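Asks: Read off the chains here:
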Amino acid sequence: MSRLDKLLAGWTFRTATPTFEAGEEITAYVTHRDDDGYSVRIGDSVLRIDDAEGLEIETKVRVRVTSFDDATYEGTGEVVDVLGTDV
Amino acid sequence: MPEEPDIELSFRGGRLVSALPIALFIAWAIFQSGILGIGDTTGLVAGMLTGLIVGMLFVRGDWKDYADVIFAGMTRRVAATAVVAWLWAGMFAETIQVGGFVDGLVWAATILNVGPGLFPAVTFLLAALLATGIGTGYGTAIAFTSLVFPAGLLLGANPVLLFGAILSGAVFGDNLAPVSDTTIVSAVTQDADIGGVVASRVKYAVVAAALAIAAYLVAGFGIPGVWSGMPHADVTGQVDASVSAWGLVHLLDIALVIVLAIRGRHIIEAISWGLFAAALFNVALGAAGLVDVSVGSMLLFSAPVNGLTQAVASLPVVGAFVETVPAAQVGVGGSIYSGAAGFFPLIVLTLLLVAGAEIMRAGGGFDAIQELLIDRIATTVRRAETTMVLGTALVNATVTINTAAEIAIAPYIATLGKRFNINGYRRANILDANTSALGYIFPWGGGLLAGLGAMQGLVGGEATPWFTQQMVVNPASVWPYVFHGWFLVGVFLFAAWTGYGREYVSDRTSEEVSRV
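Protein chains in written order, with UniProt numbering: chain A, 1 to 87; chain B, 1 to 516.
Please note: incorrect hints may appear among the correct ones.
[Unchecked claim] Derived pair list, reagent style DMTMM-like, types lysine to aspartate or glutamate, alpha-carbon separation capped at 25 Å: (1) B:Lys203 x A:Asp5; (2) A:Lys60 x A:Asp34; (3) B:Lys203 x B:Asp507; (4) A:Lys60 x A:Glu74; (5) A:Lys60 x A:Glu78; (6) A:Lys60 x A:Glu21; (7) A:Lys60 x B:Glu8; (8) A:Lys60 x A:Asp86; (9) A:Lys60 x B:Asp375; (10) B:Lys203 x B:Asp292; (11) B:Lys203 x B:Asp6; (12) A:Lys60 x B:Glu371; (13) A:Lys60 x B:Asp367; (14) A:Lys60 x A:Asp5; (15) A:Lys60 x A:Asp50; (16) A:Lys60 x A:Glu25; (17) A:Lys60 x A:Asp35; (18) A:Lys60 x A:Glu24; (19) A:Lys60 x A:Asp81; (20) A:Lys60 x A:Asp36; (21) B:Lys64 x B:Asp367; (22) B:Lys64 x B:Asp6; (23) A:Lys60 x A:Asp44; (24) A:Lys60 x B:Asp507; (25) A:Lys60 x B:Glu511; (26) B:Lys203 x A:Asp81; (27) A:Lys60 x B:Asp6.
[What the hints assert, rightly or not] Simulated restraints on C-beta separations: (28) B:Gly319 x A:Leu8: 49 to 59 Å; (29) B:Phe494 x A:Glu53: 15 to 25 Å; (30) A:Asp35 x B:Leu49: 36 to 46 Å; (31) A:Leu83 x B:Arg376: 28 to 38 Å; (32) A:Arg62 x B:Gly490: 47 to 57 Å; (33) B:Ile377 x A:Leu8: 27 to 37 Å; (34) B:Gly490 x A:Leu55: 36 to 46 Å; (35) B:Ile377 x A:Thr72: 22 to 32 Å; (36) A:Gly54 x B:Asp40: 45 to 55 Å; (37) A:Thr72 x B:Phe344: 35 to 45 Å.
Hints in this document: simulated from the structure, not taken from any laboratory. Just so we're clear, the structure is a prediction, and the values are computed from it rather than from any experiment. A virtual CB, placed ideally from N, CA and C, is assigned to each residue, including glycine.
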């Protein structure tokens, strides 16, 4: 990312409920774990991840979005890579 | 760095008792600085040590585990990175100060020949410039109160407003400067590179600064100068004779550090280049007789008088760094020495605070508070960000030394933010802006106390024989006038609610912290 890009990034009003497209790959922290699996909450939008195992909360992962409902801001995704936790 | 297995601790009285070392420290800080008015960082070190010892008494089982957790905390990378950055930033800031940079700013303030109405707004801008360069809001408050404040009074500016403008400039630099201690802590604790953090916070700082300038203009022309009975001497003429403009060349090495940091160079590398440039300018300015500075201003061995030391002092090159003095004055000095040494108490305090935070993590106290926040209060991203803004502001409004407050609250900002995938830059910005702002507003704030100390020094001073005790600004009267501080908090509350500047981890991942 160039200096200018860094300076100009984020001069916007970003929604509390970001939307995603099926097939899109994103980086995010795992934010929640329950009996059914994990979820990744981005703002107030949530992606359910059911196929992963052994992840800790706050682990950074690459997630491929498999579905997303623009009305409820909920979707599903699968972990394609585990990037680890911050130091 | 390989992760060591985390040790868990059990405390008598439950998980929250693991917060005792830090809670005792905060109580100590409020008692020492808020109630007794003692702004001594080494005193806070004693408070944190006491907290760590008292906390041990409540541990169930082997106390060795408690000791191991202290070691684990102190050897965390976040602590080491902050220590390194402070040492370098301290050397750099002190070196440009001995190079006449403040004199250059005073010269600029007076040559512009602004009237009393415009003076607070101009003072805010120049103080912001100095603080952005040297990264220390406290140093800026001291330098500007000593040098620019009396000049403003002589022009008829309102003293309370003027002091507020100086503190506002200090807030601006503390917030934005890449070499500022609070900037470094904010970046390191939120896993973000310092250059990226600085670049991303411009969008908040300029909005608040624009509002602050407007407010200083309105107030400058709207509020009459309280000391209007004072002689309005022609300070431009007076200052021209004694103050050199040449220190302003240090704007070049400040720009060098900022550009290198934003380009992603390691902070050690960026500041080292700035230090080389500043040292070369100082030698050149001193040799040309333009500024009263020499190599000895940057590093000086003051040795006891004897045959050997006198021989060394008369050597070429090496001799420039050595002088012989009476035994009572022996020591090492200069900006390299004192710039680094100035941070020693804060460094020790930081290591101990990080150890205290580690104990809270190992004992589950951190989780307990976190669960309360996440389950009950921060239930949406707006509420989470608002909690981050108000929580940081509250802790900083009660603890005098804002860097210490920032280190204590930083883990909460990290976890709260990560639960909503708010990216590292945004988290660092929320943390630092509200830390910087609140440290300079209230009468017990460290930045305000630093400036007030300098103002006391003006009473009966050689350069200000007209300044009397009655002219010292009442510290409790300044809080409404630290406009940039208030606007910065306001901008962040607005940003939390509207999403202005919000970025998610999925939008942009902050670069790794080792590339500070």
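Asks: Take the hints in turn and mark each one as holding or not.
Replies: Verification of the hints:
| no. | hint | in the structure |
| --- | --- | --- |
| 1 | B:Lys203 x A:Asp5 | holds, 13 Å |
| 2 | A:Lys60 x A:Asp34 | holds, 18 Å |
| 3 | B:Lys203 x B:Asp507 | holds, 17 Å |
| 4 | A:Lys60 x A:Glu74 | holds, 19 Å |
| 5 | A:Lys60 x A:Glu78 | holds, 13 Å |
| 6 | A:Lys60 x A:Glu21 | holds, 20 Å |
| 7 | A:Lys60 x B:Glu8 | holds, 23 Å |
| 8 | A:Lys60 x A:Asp86 | holds, 8 Å |
| 9 | A:Lys60 x B:Asp375 | holds, 22 Å |
| 10 | B:Lys203 x B:Asp292 | violated, 38 Å |
| 11 | B:Lys203 x B:Asp6 | violated, 39 Å |
| 12 | A:Lys60 x B:Glu371 | holds, 20 Å |
| 13 | A:Lys60 x B:Asp367 | holds, 19 Å |
| 14 | A:Lys60 x A:Asp5 | holds, 24 Å |
| 15 | A:Lys60 x A:Asp50 | holds, 16 Å |
| 16 | A:Lys60 x A:Glu25 | holds, 13 Å |
| 17 | A:Lys60 x A:Asp35 | holds, 20 Å |
| 18 | A:Lys60 x A:Glu24 | holds, 17 Å |
| 19 | A:Lys60 x A:Asp81 | holds, 9 Å |
| 20 | A:Lys60 x A:Asp36 | holds, 20 Å |
| 21 | B:Lys64 x B:Asp367 | holds, 22 Å |
| 22 | B:Lys64 x B:Asp6 | holds, 14 Å |
| 23 | A:Lys60 x A:Asp44 | holds, 18 Å |
| 24 | A:Lys60 x B:Asp507 | holds, 14 Å |
| 25 | A:Lys60 x B:Glu511 | holds, 13 Å |
| 26 | B:Lys203 x A:Asp81 | violated, 33 Å |
| 27 | A:Lys60 x B:Asp6 | holds, 19 Å |
| 28 | B:Gly319 x A:Leu8: 49 to 59 Å | holds, 52 Å |
| 29 | B:Phe494 x A:Glu53: 15 to 25 Å | violated, 42 Å |
| 30 | A:Asp35 x B:Leu49: 36 to 46 Å | holds, 45 Å |
| 31 | A:Leu83 x B:Arg376: 28 to 38 Å | holds, 30 Å |
| 32 | A:Arg62 x B:Gly490: 47 to 57 Å | violated, 37 Å |
| 33 | B:Ile377 x A:Leu8: 27 to 37 Å | holds, 33 Å |
| 34 | B:Gly490 x A:Leu55: 36 to 46 Å | holds, 39 Å |
| 35 | B:Ile377 x A:Thr72: 22 to 32 Å | holds, 24 Å |
| 36 | A:Gly54 x B:Asp40: 45 to 55 Å | holds, 49 Å |
| 37 | A:Thr72 x B:Phe344: 35 to 45 Å | violated, 55 Å |
Violated hints, listed in ascending order, are 10, 11, 26, 29, 32, 37; each of the other numbered hints is respected by the structure.
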